[in-house]
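2 protein chains.
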Amino acid sequence: MNERVAIKEYLTQCAELTEASLKKSIPTEWDVPDRLREAMVYSLEAGGKRLRPALVLSAAEAVFGKPALREAALPVACAVEFIHTYSLIHDDLPAMDNDDFRRGKPTNHKVFGEAMAILAGDALLTHAFHLIPQAVRKGGISADAALAIVEDLAKLAGAPGMVGGQVADMLGEQGITSISELEYIHLHKTSDLIVFSVTAGGRIGGATNKQLELLAQYGRNIGLAFQIQDDILDLIGDEKKLGKKTNSDVQQNKVTYPFLIGLEESKAQVERLTQAAKSAVLEAELLAPERLLEIADYLVQRDH
Amino acid sequence: MNERVAIKEYLTQCAELTEASLKKSIPTEWDVPDRLREAMVYSLEAGGKRLRPALVLSAAEAVFGKPALREAALPVACAVEFIHTYSLIHDDLPAMDNDDFRRGKPTNHKVFGEAMAILAGDALLTHAFHLIPQAVRKGGISADAALAIVEDLAKLAGAPGMVGGQVADMLGEQGITSISELEYIHLHKTSDLIVFSVTAGGRIGGATNKQLELLAQYGRNIGLAFQIQDDILDLIGDEKKLGKKTNSDVQQNKVTYPFLIGLEESKAQVERLTQAAKSAVLEAELLAPERLLEIADYLVQRDH
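Sequence order for the protein chains is A and B. In this text, residue positions in the first sequence follow full-length UniProt numbering: the first is 1, and each later residue adds one. In this text, residue positions in the second sequence follow full-length UniProt numbering: the first is 1, and each later residue adds one.
Here chain A stands alone, though its shape is the one from the complex (with noise of 0.2 Å):
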């Protein structure tokens, strides 16, 4: 990966290390009822962007100037990956969301059972905590470090975090009339854990407290900014690209972006956005800030 490639070949590479990764993430010699390990693994392979494990690994080589330190990012890569998987698996369930499919792959609980989904979500989220100290063993960064990693998922994945924006969006169903509603359950849903994926990815690369607050900024617009694309490519996305339906968002009555602004305005927020996540990472004086600058455009430009 030390040539230059194009952005999105980048990020499949990212994707490509982090599979790899974490196909190795439960120790083989662990003894874990096998259709439990089964329900977790069913999961974890699902597919997805693997967009933050890319941006844990495009942070710390941002910040280290090269693509070193893979040994130490991986695993905090495939934390954030165990993290995001677990509350979709825990998002899709009958008494949260109903979903019978994700990715055009029935969902965990349609699969394992409802119980057995539960508690796959419980040890995916549990062992996402047990990979971190790895990064210590395997990269040589030091103990502090790891530990401030470690607060910082359980901070913005937990209550004043991810699922505090869960539990925003549960309750406020069709309720939600203002921008600033809809504002927090994005930051916390989605963007926290982006968050956490350039922060920890900093810390990794040697940040600065300074730089890693501009990374948090960046992180923070880029995962509000993705958001309001989603919305935006739910009314006008090619539905063959997208891989599934569009429209999804007003046959429900989702109260979106669009919704409330506007076509024109989100698109115009999405622009604001993303101009100023790039101008975050540029004030952060990073050693090799391009992939960042990329990928916050690439988040933009993305039909799908």
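Any given hint could be a false lead.
When chains are identical, the list treats them as one kind, so a pair holds in a single copy or across two.
Keeping only pairs whose Cα atoms sit at most 30 Å apart, straight-line, the calculated DSSO-like set for lysine-lysine is [unchecked claim]:
1. K240 - K24
2. K49 - K155
3. K8 - K66
4. K110 - K244
5. K210 - K278
6. K278 - K8
7. K254 - K155
8. K254 - K66
Derived from the structure by calculation, the hints contain no laboratory data.
Use these hints to put chain B onto chain A, whose structure you have.
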């Protein structure tokens, strides 16, 4: 807590310390949706023996030789109670045991709904890992020790630990025919979190690897003894003292130790496990092993 008090009083004091600490364990300045915070606190404050936190405190004290280190041990004691609490909330869900009451109070999902109960469990589980780094800040244990505690908790509460035991229990319902299957369930579903409690306490107290291994043996044995004693009390206990109906295992056709090996042999097994636990503690040559020895006896002699 320096003066010598009886074990029951000592455990009550540990529980009070834990409860005071639990009350402060979710930062008030965090922007958490009110209803989520209520759901988390509802189950955290629903009582229980607080046995696992007491084991963290006792093991730290046993290794260190005196009841210092409490500023380091209390965040970890709370962490294990957060894990225990989340596991009860998820166990009680309709898709799992479908229980309406626990300790005489309506279960979490009966009060807050199923979706919120799932999310409150997720948030409690995640927050456990936010508490452990505080042992470094508040109590001066090393980042290396805290990170080892994180790694232990993620293993012992995760797929090869408590969740694995829960899955085995669920899959094995009705179909268990051997002691070894039943032992697998209890060792993971019950003992693993007790093993975590005593070894985490040991790490805080500065235990050697040999001492940690012996503390783990102690934990495995008292965990199993505790579980068999539960089965025995369900058969021959006093409903008033237990605060619940006896013979529920028989009515639910649950496979228990008395069912498999008979009541007398179960009692003998509890005695053997207790002795083995005490032998391990004595072999560890701890500076103040008394409380751990007393707890092992207390758990067998209890009538509720």
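Where does the structure disagree with the numbered hints, that is, which hint numbers, in rising order? 1 and 8
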